[in-house]
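520 is the number that the working numbering gives to position 171 of the sequence shown; each next residue is one higher, with no gaps.
It is worth saying that the hints were derived from the structure and are not from the lab.
Every value quoted in this text rests on a predicted model; they were computed, and no experiment measured them.
It is possible that part of the hints are untrue.
Unchecked claim - Straight-line Cα separation of at most 25 Å, PhoX-like style, residue types lysine-lysine; simulated pairs:
| hint | residue 1 | residue 2 |
| --- | --- | --- |
| 1 | K430 | K364 |
| 2 | K364 | K374 |
| 3 | K364 | K404 |
| 4 | K404 | K430 |
| 5 | K404 | K374 |
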Amino acid sequence: MPDTNAVPQVAIELKMVSADSAGYKVFRDVNVAFPRGRFSVVLGATGSGKSALLKLAAGLMVPSGGIVEYLGRDMSRFTRKDEADFRAHSGFVFQDAALWADTNILNNVAMPLRVHRPWMSQSEIAESVRLALKRIGYDEGMGYRPSDLSAGEQKMVSIARAIVHDPDLIFMDDPGSSLDEDGLERLYELLGELGEAGKTVIVVANNSEFAYRFADMLGVIKNETVVAFGGYDETLSRASVELEGSLARLKARGGRSRKPRYPDSPAGDPGSEMSQRGDV
């Protein structure tokens, strides 16, 4: 169980990060620190740059300016071993599932194990894959190829791939997309388990339900930058009269039924201040 009193270490921090894509600036001077062992949710409208933010944080996109740090180390200075260690301890759920089309579900989900745990036997790998798929509610055969599956089933497989090696750090890009009601409920169960296990989970989405149910830390992307980031209640309480969209719905719902796993924005918490000047 996570220590609810300890001030968390920063897992991922973006310092004055800018990013370009196809000649257009998708971020400018972003500062945000994701605490270790906490569940962070960043909300934003479609096209706001949520996916780019997550890929920058995960080292899958190179910034045009600024620094991205993992546990205080500049990721641009990682050696190959550093990079391999980071990947071995992290998982990523892509918005579009991003499965390998030319191989089956077993091989897709097994990829992190075969890369980062080469000592595992084939039977051990198959069992780990089966258990990961079961956790997210996928109950079809492992011999199918992605093209045989629905979009929702493909998303389940991609989530299983991200957790099969039991990573400490999990990035999720709109994980609920394409899932039906039953799939969403299985996902919510899994996310609750990951949070209670003390995993560092970073979710970007336009669905405020993820924030309402799970967020220890809540952020907002607007106008090419992260305009707010802090404890869940703090972010809502500091929002201005310009409050709109997902945050408005969250504020209208009032207090959450669950007891927060952590005190909201304790002194010294790296996420206790807004990451940018200005309110939502």
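Against the structure, the hints:
no.: 1; hint: K430 with K364; verdict: 24 Å, holds
no.: 2; hint: K364 with K374; verdict: 16 Å, holds
no.: 3; hint: K364 with K404; verdict: 15 Å, holds
no.: 4; hint: K404 with K430; verdict: 20 Å, holds
no.: 5; hint: K404 with K374; verdict: 15 Å, holds
The structure fails none of the hints (numbered hints given earlier).
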